[in-house]
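Number of protein chains: 2
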Amino acid sequence: MISQLIEKIKKTNAPICVGLDPMLSYVPEHVVKKSFDTYGETLKGAAEAIWEFNKEIIDHTWDLIPAVKPQIAMYEQFGIEGLIVYKKTVDYCHEKGLIVIGDAKRGDIGSTSAAYAAGHLGKVQVGSNVFSGFDVDMLTVNPYLGTDGVKPFVDVCSSDDKGLFVLVKTSNPSSGEFQDRLIDGRPLYEWVAEKVMEWGESSMDGAYSNVGAVVGATYPEMSKILRRLMPHTYFLVPGYGAQGGTAEDLKHCFNEDGLGAIVNSSRGIIAAYKQEKYKQFGPEQFGGASRQAVVDMVNDINSVL
Amino acid sequence: MISQLIEKIKKTNAPICVGLDPMLSYVPEHVVKKSFDTYGETLKGAAEAIWEFNKEIIDHTWDLIPAVKPQIAMYEQFGIEGLIVYKKTVDYCHEKGLIVIGDAKRGDIGSTSAAYAAGHLGKVQVGSNVFSGFDVDMLTVNPYLGTDGVKPFVDVCSSDDKGLFVLVKTSNPSSGEFQDRLIDGRPLYEWVAEKVMEWGESSMDGAYSNVGAVVGATYPEMSKILRRLMPHTYFLVPGYGAQGGTAEDLKHCFNEDGLGAIVNSSRGIIAAYKQEKYKQFGPEQFGGASRQAVVDMVNDINSVL
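In the order they appear, the protein sequences are chains A and B.
Add 662 to a position in the first sequence, counting from 1, and you land on the number used in my numbering.
Add 662 to a position in the second sequence, counting from 1, and you land on the number used in my numbering.
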């Protein structure tokens, strides 16, 4: 899977993904109103508004980007109706040829992780049939439970040609509380990084492994070290834009050849129309604002590579 | 919420919860067949078989127990259809007066955790209405991202009278890979425990906090230390039975007064009919086997308290 992602990154010359993390407050009023008029002020009304919002953004950006990263929490908050729209979004992105990174940060004991892996990445057997529940291409995974909690996801990467990004150093302000604590002189995130490489060895796909790492843009000194430590691990880099990470901050996430990282932006793209910079588009042309924000982000990042 | 759980534990004299973690392979053939005959060998067919299975087990055990713990992964593996049955199970358990601990192990950066907290524990605003997506009473949470990833869940505990169990020391074989590593002479899980207590201070509910901890039954020496360290923290204890933890192993999870812990059993209860010990029930009476397994588990645990 990682080789497919790399191919698409090269083709688009855009080492980025668009985070489809819609808050209802990001959705322009006319879209919300239309959905509420049809479905009422209900979970379905909210979910359908998000679907129309996503669709417009995808329609305006798909040809510029290799991948999207829907954050499943933003759909789960609307219960079943939200998850129906998550799945619809995944399927629509696939129709458009995009790689879908499900940002779910799942992780549990072995047998439970196997169920998550089957439901999100792989297939589940029902009688003599097999089905894919959510069918994303890559998934974010939490490492706190150790090898037996991650291994079932890695197995599906190998059997079904899928990919992972395991949380190593996250972008949020308090990520250091546990992740930065020193163990035998090295921060916990480096020990996690070592394990990510070990897990990844069994699912190599060209120069990189299908088992990648989440490395936040907001801690440039740490990503520099992690880049050197993990030469064959692709990084999913959150924290650019709204969370404070700049292109300069994240250039060390890339290898010399300009590969090795894919940078996510969510709010900065999908709610671009709300920014002063893109206000000429107005809420009616929010898709156009998102497209321009993608172009600007790609230029910004490529300028430091 | 924790005071409600304690009240129900006292009333039933059963410090246990039943893990509603159905694998399709646990569901007796006649139940699966009936569902496949109606819905086909489809995701809906699988999900409905699990629903009928859950319902029978709940009907046979609800009066003996304070709580259930559905593992959401087992439902997610069947996609939307599975999650519809997860929700149906949560609602049915509520009708029966049970406290529902959603075992979801969610955790992300702040704004994303807020969405998970709203969807699983709290409420989401849609226009002038509010809705509960999944509406469980308590939720398991992963601490790897630190305070800002956990705080939104704690806030909902306080605002909506809900509860959490934060992963501290998990029951799986490789839990020690990161959790046991020493930081300034103390294992990571103790540092997490310190934070859990800190988070819990803002949501006390009687003698205990609404912010509990997951402490596996499979590491008795560690749970002994954690029990002393966290006197006001309720423990959710997985690992009893099928995972190898015995009543003797987990007695140190309890305080002197017999409170302080709730022990989960999943396979040992819901697939009891498959055990030699309960074979007189047969697959047709699998609910009866589960009931007897609950009685035996409660006696076993109470024998060491």
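Just so you know, the hints here were simulated from the structure itself, not pulled from any lab data.
Watch out, some of these pointers could steer you wrong.
The list treats identical chains as interchangeable, and a pair is accepted whether it falls inside one copy or across any two copies.
[Claimed, not checked] Under the rule of at most 25 Å between Cα atoms (straight-line distance), these lysine-lysine pairs were calculated in the DSS-like manner: (1) K749 x K785; (2) K706 x K785; (3) K785 x K750; (4) K750 x K706; (5) K785 x K695.
Going down the list of hints, with the structure as the test:
no. : hint        : in the structure
1   : K749 x K785 : both (15 Å within a copy, 22 Å between copies)
2   : K706 x K785 : between (27 Å within a copy, 15 Å between copies)
3   : K785 x K750 : both (18 Å within a copy, 23 Å between copies)
4   : K750 x K706 : both (13 Å within a copy, 17 Å between copies)
5   : K785 x K695 : between (38 Å within a copy, 21 Å between copies)
In the structure shown, no violation is registered for any of the earlier numbered hints.
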